[in-house]
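Per my numbering, residue -2 is the first one in the sequence shown, and the count goes up by one each step.
Derived by calculation from the structure, the hints in this document are not laboratory data.
No residue lacks a Cβ here, since even glycine has one placed at the ideal position from N, Cα and C.
Keep in mind that a hint or two might mislead.
Here are the simulated distance ranges between beta carbons [as the list claims (entries may be wrong)]:
no. : residue 1 : residue 2 : range
1   : D54       : E108      : 11 to 21 angstroms
2   : N146      : Q58       : 19 to 29 angstroms
3   : M53       : I14       : 34 to 44 angstroms
Below 25 angstroms or equal to it, Euclidean Cα-Cα: the simulated BS3-like pairs (lysine-lysine) are [to be verified]:
no. : residue 1 : residue 2
4   : K49       : K136
5   : K47       : K134
6   : K134      : K90
7   : K127      : K104
8   : K2        : K96
9   : K136      : K104
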Amino acid sequence: MSINKLLKIESVNDENIEILDFIEIISNHNPEIIKYYFSVTIFDGMPNNKFKGSFMDLYNQINDDQFLFDYSGVKDFFLGTSQIFDLLLLIDKENSFFKKYSIEEEKTMYENIYLTIAYFDGGFWEISCKDDLLINKLKNKFIQSEIINI
């Protein structure tokens, strides 16, 4: 297990499809992940006609604090989005380290959280994980990627 690698992947598809692809690869690699906690701490995007509930209420709650999901809830959330501009998704066995991290706290976030998935409107993803095998699997799957030491 490693805590010092970050995978940067250029976005070449629809962001909501890419995040669902990541989640599928991750759950196939580590089936236990379906029992983990998922927290969206940063989100900006657009809903589609599959979104259930009030998009604005969820959007405001995420951006005021965070929103906790289980595995099926996070998949439903992304199935209900048509476009993602910014995203920070935290995934861990425990939710005790879930919070909004400042830029200065990024290194601490990477050390404390099992898996982070971030999307930036500039068109790229950053995935950090304590599992080197998973990082390498994602690197091999997504050609437009590079591993960055943090």
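Next item on the list: Measure nothing beyond the straight line between the CA atoms of K127 and K104; if it is 25 angstroms or shorter, mark the hint as holding.
Entry: holds, 13 angstroms
Checklist line | 25 angstroms limit on alpha-carbon distance, applied to hinted pair K2 and K96 | finding: Satisfied, since the Cα-Cα distance of roughly 21 angstroms is no more than 25 angstroms.
Check: Is the Cα-Cα distance between K136 and K104 25 angstroms or less?
Finding: Satisfied, since the Cα-Cα distance of roughly 21 angstroms is no more than 25 angstroms.
Note to self: For the hint 19 to 29 angstroms, verify it against the beta carbon of N146 and that of Q58.
What the structure shows: This hint is violated: roughly 34 angstroms between Cβ atoms.
Note to self: Can you confirm whether the C-alpha distance between K134 and K90 stays at or below 25 angstroms?
What the structure shows: Holds, at about 21 angstroms.
Notebook entry, point to check: Are the Cα atoms of K47 and K134 separated by 25 angstroms or less?
Noted result: violated, 30 angstroms
Next item on the list: Can you let me know if the beta-carbon spacing of M53 and I14 is within 34 to 44 angstroms?
Entry: violated, 23 angstroms
Notebook entry, point to check: Straight-line Cα separation of K49 and K136 no greater than 25 angstroms?
Noted result: The given pair, whose Cα atoms are some 33 angstroms apart, is violated under the 25 angstroms limit.
Margin query: For the hint 11 to 21 angstroms, verify it against the beta carbon of D54 and that of E108.
Written below: violated, 32 angstroms
The earlier numbered hints that this structure contradicts are 1, 2, 3, 4, 5.
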